[in-house]
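Numbering (the working numbering), first residue to last: 1 to 352.
If you're looking for bench data, these hints aren't it; they were derived computationally from the structure. A virtual CB, placed ideally from N, CA and C, is assigned to each residue, including glycine. One thing to keep in mind: the hints can contain errors.
[To be verified] Here are the simulated distance ranges between beta carbons:
1) Gln-104 - Ser-176: 45 to 51 Å
2) Lys-211 - Met-1: 32 to 38 Å
3) Ser-77 - Ser-351: 30 to 36 Å
4) Ser-351 - Asp-152: 21 to 27 Å
5) Ser-292 - Asn-251: 15 to 21 Å
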Amino acid sequence: MFNCKAFSAKSASSPLAADVISRRIPTENDVQIEILFCGVCHSDLHMARDEWHSVMPTVYPIVPGHEIIGRVTKVGSAVSRFKEGDTVGVGCMVDSDRLCPQCQVGLEQFCPGMILTYNSPDKHLGGMTYGGYSDSIVVDQDFVLTVPSNLDHAGAAPLLCAGITTYSPLRHWGVSRGKKVGIVGLGGLGHMGVKFAAAMEAHVVVFTTSKHKIDDALRLGANEVVNSQNSHEMAAHIASFDFILDTVSANHDINTYVQLLGRDGNLTLVGAPEKPLPVAAFGLIFGRRSLSGSAIGGIAETQEMLNFCGEHGITADVEVIPIQKINEAYDRMLKSDVKYRFSVDMASLKSE
């Protein structure tokens, strides 16, 4: 083992603070990575504060962070895809069982034995896995991703969660030129959905309740912006969408958006409201509409997404912060006071 610097939470009520954690010495299949930037995901906050206790209880201490961009510093003897100095990424997963039907078709995110980047059992050291709010991480080569050289490191970090979370359902439901696509909400996820759908040459409509986001939505690639609280603007789009991506985590009426789907249209949820959302059956039955959910993406698809971003010059809009401001960032994130993701410059950890 070797020690590295990190920021961790000791309990649900304690702030994140400087800590020292242990990492394994790389095995023959491992890649050791110096972490350069780590995006801040809303799930980091949920996990640090044990807000998903009934589904994914937090084990303390916890080191969050699963949007990692770094530089390879060491590779195991069996590693052939990476070399020292390569710029790489690590997302929400660092292992899976490799054997289940999901893994066999490249959908490791649905593997029952998936190992999350943090707060999952660590089969190497015991205890739990630690995430990217640290200066180094060791990951099996099969869960390390190549980052295109033209992408800004700080802006690329959120692609490893926010990016793949929105890219995957857009690809799965065949978004392409000529399709009419709605993006509900313009936050960390929504702004990525707009960028991807626009690059896929769809007609993109953003739904928001914030008038001050109209100009931003158009800048990001939207063709139209609809005030979702304006019944006349909403009615103008009845039964016309091929696909709608709902990124909103607050409780809201999804039946309003179901009615906007055309025949065989789909609405996919990637936001996770705390309370169940009522769904009117007739809204789905008439028009053969469907409602679904989506969670990140497999390793192959995540690499595809990064390559797509390289080809189209897509990164997240980020505010770069030092790790010492992570608690302030959590508070601001709750107020939606960021455009549109925080990205932590992990060089700031050196001063701890």
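Hint numbers contradicted by this structure: 1, 2
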